[in-house]
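Novice: Just so you know, the protein sequences line up as chains A and B, in that order. Letter by letter, the first sequence follows residues 4 to 171 in the working numbering. Letter by letter, the second sequence follows residues 4 to 171 in the working numbering.
There's no promise every hint is true.
Take a look, some chain A residues computed to stay more than 10 Å from chain B by CB distance [claimed, not checked]:
| no. | residue |
| --- | --- |
| 1 | Glu54 |
| 2 | Val58 |
| 3 | Met72 |
| 4 | Lys76 |
| 5 | Arg137 |
| 6 | Gln144 |
| 7 | Gln152 |
Sample of chain B residues facing chain A (criterion: CB under 7 Å; computed from the structure) [claimed, not checked]:
| no. | residue |
| --- | --- |
| 8 | Lys86 |
| 9 | Gly100 |
| 10 | Ser111 |
| 11 | Met121 |
| 12 | Thr126 |
| 13 | Arg128 |
Since the hints were made in silico from the structure, they are not lab data. By construction, the Cβ of each residue, glycine as well, lies at the ideal position given by its N, Cα and C atoms.
2 protein chains.
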Amino acid sequence: MALFSMKLDNLKALFVNELRDLYDAENQITKALPKLIDKSQNPQLKAGLKEHLEVTHGQIRRLDRIFQMLNEKATGETCKGMKGLIAEGDEMVSHSGDASVIDAGIISAAQRVEHYEMAGYGTVRTYAELLGHREMANLLQQTLDEEKQADETLSQIAKTINVEAKAA
Amino acid sequence: MALFSMKLDNLKALFVNELRDLYDAENQITKALPKLIDKSQNPQLKAGLKEHLEVTHGQIRRLDRIFQMLNEKATGETCKGMKGLIAEGDEMVSHSGDASVIDAGIISAAQRVEHYEMAGYGTVRTYAELLGHREMANLLQQTLDEEKQADETLSQIAKTINVEAKAA
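Isolated chain A, as found in the complex (with noise of 0.2 Å):
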């Protein structure tokens, strides 16, 4: 969110806000996923952070549209919650231990980050809605749903994972 005090007079100011928020947040992904990629051991944890990474460009580009359409800069924010997300996940590859217990560690950050998102591009969805943004509210929706579906994969992979880690 916001780094500097702003005017937050209407619920689009707040709509751009959180819009810019997510922007970073997402560029900030797209740096630290590839960390999580090499660090994780699992053939499919390790398929499956890359599919979301692609997934992840494509969500920038669906902000980078609704901005044009707003006709707003989509910079300026920084988002400190993904950035504290992110340190999580760094420190946890930092740990020595089991590949499997270290890969069940990095699915828990990445589910994090899942959260993160599913909440946040749930409201801008909504405001979008309200504000009568019908196809940015489609956009939106399409990346809520990407989302759900990444963080529902996280824990179908984290079954067997999981097991492994158990047995460690």
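Put chain B on the given structure of chain A with help from the hints.
Specialist: Same frame as chain A, now just chain B:
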């Protein structure tokens, strides 16, 4: 999650690590919520956040009980994720603007916090089940249900506030 490098040799170690993360997160929330309660204008929102502060104290007591059962210390971790999320909430209430727009922003920040906890408690509940700690799994499920309920309550309150924010 862990501030210092630690050995994650098995699922039990990861379980304790994640519980400590959530313990610190909950304690951060109890310190941050009074400010959001103070700054929120809508009576329903104020009451909802107040109620959640009470619920959070109960959630901390559940974690205390789990640490006792595990014979492990509760403290030692700083939850960087929650730190970032709370910083976002603080930023939100530092903005000037229409009261209902700020209220909508408070809900948005609070829902990110709820989602963090939903992800975190979902993870530790699953670990507890896998490790055969049925009573702990039940306690963690209770908290998870409360977090989902809190998120739902915020969505309901947002319906009125967002319409007011739109009319601002």
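Novice: Each of the hints needs a verdict: does it hold here or not?
Specialist: Outcome of the hint check:
no., hint, verdict
1, Glu54, "20 Å, holds"
2, Val58, "18 Å, holds"
3, Met72, "18 Å, holds"
4, Lys76, "18 Å, holds"
5, Arg137, "15 Å, holds"
6, Gln144, "15 Å, holds"
7, Gln152, "15 Å, holds"
8, Lys86, "5 Å, holds"
9, Gly100, "3 Å, holds"
10, Ser111, "5 Å, holds"
11, Met121, "6 Å, holds"
12, Thr126, "5 Å, holds"
13, Arg128, "12 Å, violated"
Violated hints amount to a single one, hint 13; each of the other numbered hints is respected by the structure.
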